[in-house]
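Residues per chain are reported as follows:
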Amino acid sequence: MRGKKLLAFLMPIFILAGCSSNKDSETQKLPNSYKSALKEAKGETVTYYGFGGSDTQNLWIDKVVTPMMKDKGITLKRVPMDIDTILNKLTTEKEAGKTSGNMDVVWINGENFYNAKKLGLLAGPVKSSLIPNMQKYMDPNDPDVTKDMSTPVDHLEIPYGNAQLVMIGSKSMFKGDYPTSADKLMTWAKANPGKLTYVAPPDFTGSAFIRNIIYETVGYKKLNDAPATKEGVYKVIKPSLDYLNEIKPYLWQQGKTYPKTTAQLDKMFADHQVAMDFSYNQMYAATQKQDGQFTDDAQSFVFDKGTVGNFNYLAIPKTSKQKAAAIVLINTMLSEKAQTARLSLKYGAVVSPYSADKMPSAMTDKLNNSDDTNNTVPVNDLAKKRLPEVSGKKIPIIEQLWKEHVLNAD
Amino acid sequence: MRRLNRYLIFMISLLVILMPLMVIIVLSAGTNWHYPDLWPQTFNMNYVFKMLFSNHELLSSLSSSITLAIGTVILTLVIAYPTAIALSYYDFKGKSFLNVLIYLPLIIPSIAVLTNMDFVMIKFGLEGSYFGVVAVHTLFALPYAIKLLVDNLSVLKNKYELASLNLGASSRQTFIHVTLPLSRLGLQGAVMMSYIISMTQYLGTLLIGNGNFLTLSVRMFPFTQSGKYQIAAIYAIMFMLVTLIPLYIIDVLITPRRKEVRAE
Chain A
322 MRGKKLLAFL MPIFILAGCS SNKDSETQKL PNSYKSALKE AKGETVTYYG FGGSDTQNLW
382 IDKVVTPMMK DKGITLKRVP MDIDTILNKL TTEKEAGKTS GNMDVVWING ENFYNAKKLG
442 LLAGPVKSSL IPNMQKYMDP NDPDVTKDMS TPVDHLEIPY GNAQLVMIGS KSMFKGDYPT
502 SADKLMTWAK ANPGKLTYVA PPDFTGSAFI RNIIYETVGY KKLNDAPATK EGVYKVIKPS
562 LDYLNEIKPY LWQQGKTYPK TTAQLDKMFA DHQVAMDFSY NQMYAATQKQ DGQFTDDAQS
622 FVFDKGTVGN FNYLAIPKTS KQKAAAIVLI NTMLSEKAQT ARLSLKYGAV VSPYSADKMP
682 SAMTDKLNNS DDTNNTVPVN DLAKKRLPEV SGKKIPIIEQ LWKEHVLNAD
Chain B
123 MRRLNRYLIF MISLLVILMP LMVIIVLSAG TNWHYPDLWP QTFNMNYVFK MLFSNHELLS
183 SLSSSITLAI GTVILTLVIA YPTAIALSYY DFKGKSFLNV LIYLPLIIPS IAVLTNMDFV
243 MIKFGLEGSY FGVVAVHTLF ALPYAIKLLV DNLSVLKNKY ELASLNLGAS SRQTFIHVTL
303 PLSRLGLQGA VMMSYIISMT QYLGTLLIGN GNFLTLSVRM FPFTQSGKYQ IAAIYAIMFM
363 LVTLIPLYII DVLITPRRKE VRAE
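Going down the list, the sequences are from chains A and B.
Note that this note's numbering has the first sequence beginning at 322, numbered continuously upward.
Note that this note's numbering has the second sequence beginning at 123, numbered continuously upward.
These are computed hints drawn from the structure, not numbers from a lab.
Computed from a prediction, not measured in an experiment: that's the story for all the values here.
Don't take each hint at face value.
Mimicking DSSO-like on lysine-lysine, the simulated pairs with C-alpha atoms at most 30 angstroms apart in a straight line are [as the list claims (entries may be wrong)]: (1) B:245 with A:658; (2) A:581 with A:492; (3) A:350 with A:448; (4) B:172 with A:667; (5) A:559 with A:363; (6) A:415 with B:245; (7) A:356 with A:393; (8) B:172 with A:391; (9) A:419 with A:360; (10) A:706 with A:457; (11) B:279 with A:384; (12) B:172 with A:610; (13) A:667 with A:588; (14) A:543 with A:556; (15) A:588 with B:245; (16) B:279 with A:439; (17) A:569 with A:391; (18) A:419 with B:245; (19) A:398 with B:245; (20) B:217 with A:398; (21) A:419 with A:398; (22) A:363 with A:492; (23) A:559 with A:542; (24) B:245 with A:350.
The shape of chain B in the complex, shown without the other chains (with noise of 0.2 angstroms):
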């Protein structure tokens, strides 16, 4: 009885996920679908094959959404695995503060963030180039990447660390051969988070971008709000490909050691 209870909370559940998933799909390829038909009448898979294969316009934003998204990941990292060590493993004046701090991106209005962001990088002469709107995505991929390491950190504390100072490593041995295979699983979440961030930003890319990064979601946006839901639906698989399949490459690689950390 709690083994069916438990199967069929786990259908519900992926239903839930795959339904939404299941309509983007059959609305990429379905033509005629009219309110209360269950299936669109026709379906044409000649379309959404011309538009994923030929489309230089869908090819090209693809590669500029990749690029500004590695750029990111490599940015959020630098940034946020040296907050997270400090606020998982000391104490310091202001740590309450920075907690808080952390969070601010993501409680004011990305409009607000966003014009005055705008304001600044034009003050730079930074609007427009790579490193300003890789600056701008990083910044909302700050919060998540911090907090998922600063858990992970905070688990095991520096005990191991000190430890492996104790023992006469290093602080940069101690660093390799201990923090990092510790955070491993933290600084996988963070470098999974920070490129979904990245690849679904719209305003930033579109304002601070200055029309240089015409990235997948800035195409696509125009055509959801236009209700063109037949392309939209396109760019939306799209968008589903290049976010899953790196995705699933990191998780492989990091698998066997987090069998390890299972074990233990």
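Chain A on its own, in the form it takes in the complex (with noise of 0.2 angstroms):
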């Protein structure tokens, strides 16, 4: 009696043990040429994997790409799942020995690319001989196309969008005069106090901003130059440090807490809460103007020493079963339709990968011809003003060194 109660209790565990035999077939190769790859992903589903929060990038995909890859045969499916989330999936699919997932391709970048490629998640090498609008409108030896972050891609990436942090000031608080420096930031603040903040760290823009207070109180090529670990980093920082600690009782709430998310900056920008808001998207002002969150009052600005820029990437997991349309749904996400479709206001006005050099006119022509009803900086502006990131470990090590010394400093 007694084993036979024991036999029903473990009964569901044979059952499901039972299920585990089917073993996945081996992990699909990366296709010869881009020719191969359009004839063998027709009729096949592929998936994109990317944080799904923006809708005018959701509806960019639905209603630009998804209708390009149909009339190649190919259906796209988009699941909106965050960077963090993917990576712990497609980890734990590492360690449970799984060969074959879901996930196609992927939006990725800096730390999650750092951490990605450490743990061998990508599949590789995705040659630009792979990718013909890569060849044809990236140059190879852009520095944002050779390294993410000072991380090497080492073709396990293939860029996708353009990012730089730009200022957005109101015209009315700044009277038409931005704070386009550290020192004149500082010296309006204490003018005016309480009407500035930046939105916590990790949060991408706060940490960016934040680095761009580096970059203006020490300088690129020193935290460049720091070595990678906690003490190397602060040695270098603590003027800029120091200048945040400076600044801190000027800030909104005398700087005893920051808004958490970029939603709740722009929020507190748009009540005119505070006088600035920040954005890693050049084209920000404009979109929120459109989306009616934001006025004509906001405009944006740039540091005159310039602001922290990055690239975003797609990467295809080496788990990918359709890594054939995959390679499809990269070159078409690149194509000069996309992308210049992407430029517009409703498709959230993401400036394309493409290198300064090769950019099309047509394109180039639409972004500068709107700088002054978006309330942007021109793109070529923009580009001269353009630092490096520095490297994916230490954005960590800096976010720990702000939380201890500035945050919770007293």
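If you follow the hints, you should be able to join the two separate chains into one complex; please do so.
Pasting the structure below:
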């Protein structure tokens, strides 16, 4: 009787264990050429995994990329998953020994790429010869093509979007005189206490602003040369932490608390509680205006010495079952047609990752002609004032130091 | 005076419960809502209706939410009901241990549970399958369902079942005509709770569903995170509708019986 009961208890486990026998087939290989990829991918379904909280980017994929893929006989499925969950999932799959998964193309960059590369989660090499549009519009020696936040790309990811930190100031609150340097910012803050703040890291934008302050106070080179250890970075960025502490009492809530998300800061800026907002999207003021969140009062500007810029990328996980279709998807997303459409406000106005000298003139014109109406900075000025990112390894260290020495200083 | 007090308390609780709902509704329709304005400057219901009825994404995620929820309710009851009967009617070795074990999914941080569940599901080849996701939802619904059923069953214990068996009814007859009617309220609570739990699961659906189940919560969460409050609010309204309407139906179906119970 006892034994029977125990067996009944264990039965489900046996049943479940039985299911595990269907071993996954060998990992699929990357195609040899774009032509063969096109042929192989016909009739397949390819998945795109990426952050789904931007309705304009979702719309771009659904209304522009999906039909273009359909013409090639491929179905595109968009799954809204943030990169942390994606990496979490890919790591678990790897630990469980799964060789084929559901993710075909993922949206990735920076620290996350560094981790994914270290853990060997990505398929490669995806040479530019496989992606005709990359060959056509991107310079292989472009720093953003070869390195992602100083991690060598090694053909494991393909540039997808161009991002650069811009400041968005309120015309009425700054009276047309925007603080285009750290010193000017400090002076303004002291004269107008409580009217500035930034998003607390590890938020992307807040973290970028702090790096920008480091560039202003000690310079990019020093930070880049510093060893990627806590002591090493601390020694170098001490003046920057001092700066942030000096400005702290003049910030919103005396710098005791900070907004947690960009959404929060956007809202505070729109409500004129603070005079300045930040964004990684160069055209953010314009898209927010289109959305009815900001008014004409919001004007973009950058620091005279420049602001941090980086790229975001597309990568193919090793476990992808549809590598051929993934290649076709990446090439389609990088096509001139898709990238030009992506510049319009309803699709989020994302600047293409094309190299400046290879960018089609129609695209450059479109970008430059709309500065006034869009309250953005001309694209050439942005390119001139673009500063590189530091190593993905140093970013969490800087964030940690900020937390210890600025947030919890007293 | 006492009546007035009671009325006041009722009004305050009503306000506390309904205020957030009001905010969601205003958020969904209001454009240009800026601090410190009490109301948005303009209302635009068109956008809400357009989103609600023409957005195929919303509708497809709705159907996957509901199919998962129905599966979860069934699986939860299949496990929770016998467990609850055992816990409230019988004494056995390890009963107190089982009592604690039930709450484990709520005590351990869900990200830890889910990452490991994902691992197990991959090993069993259930990742991305309907059963896999339902099993994960059930895991989180079980504590609530069992607690509700145990509370309900413990009130009368198995006295009536014993009487029925003593009078010559078979155990099947006893179950159908005595146990089931007596635990109707507990079952109703368990069904409602597991339905809601399943509807609100985000990370579990995303991880174990492997992109195959894009439910309402999976679609809604990124929007709330990135401050697209209007879209998130529209999803939230849809969410409330599909949660409240079935609950209301269940409630209406049970109500006549409830009167009988009260009369006792």
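Restraint check for residue 419 of chain A with residue 245 of chain B, where alpha carbons must lie at most 30 angstroms apart: Since the Cα atoms of residue 419 of chain A and residue 245 of chain B sit roughly 8 angstroms apart, the hinted pair holds (cutoff 30 angstroms).
Restraint check for residue 581 of chain A with residue 492 of chain A, where alpha carbons must lie at most 30 angstroms apart: The given pair, whose Cα atoms are some 25 angstroms apart, holds under the 30 angstroms limit.
Pair hint residue 667 of chain A and residue 588 of chain A, alpha-carbon separation not exceeding 30 angstroms: Distance ~20 angstroms between residue 667 of chain A and residue 588 of chain A Cα, so the pair holds.
Given pair status - residue 556 of chain A, residue 543 of chain A, alpha carbons within 30 angstroms: Holds. Residue 543 of chain A to residue 556 of chain A sits at ~10 angstroms (cutoff 30 angstroms).
Proposed proximity, residue 439 of chain A with residue 279 of chain B (alpha carbon, max 30 angstroms): 59 angstroms, violated
Given pair status - residue 448 of chain A, residue 350 of chain A, alpha carbons within 30 angstroms: 14 angstroms, holds
Restraint check for residue 559 of chain A with residue 542 of chain A, where alpha carbons must lie at most 30 angstroms apart: Status holds; Cα separation ~15 angstroms.
Given pair status - residue 393 of chain A, residue 356 of chain A, alpha carbons within 30 angstroms: 12 angstroms, holds
Hint consistency between residue 706 of chain A and residue 457 of chain A [alpha-carbon to alpha-carbon, up to 30 angstroms]: Judged against 30 angstroms, a Cα distance of about 25 angstroms means the pair holds.
Satisfaction of hint between residue 350 of chain A and residue 245 of chain B, Cα-Cα up to 30 angstroms: Within the cut-off at roughly 23 angstroms; holds.
Holds or violated: residue 172 of chain B to residue 667 of chain A, with C-alpha atoms at most 30 angstroms apart: 17 angstroms, holds
Restraint check for residue 569 of chain A with residue 391 of chain A, where alpha carbons must lie at most 30 angstroms apart: 53 angstroms, violated
Checked against the numbered hints listed earlier, the structure breaks hints 1, 5, 11, 15, 16, 17, 20 and 22; every other hint is satisfied.
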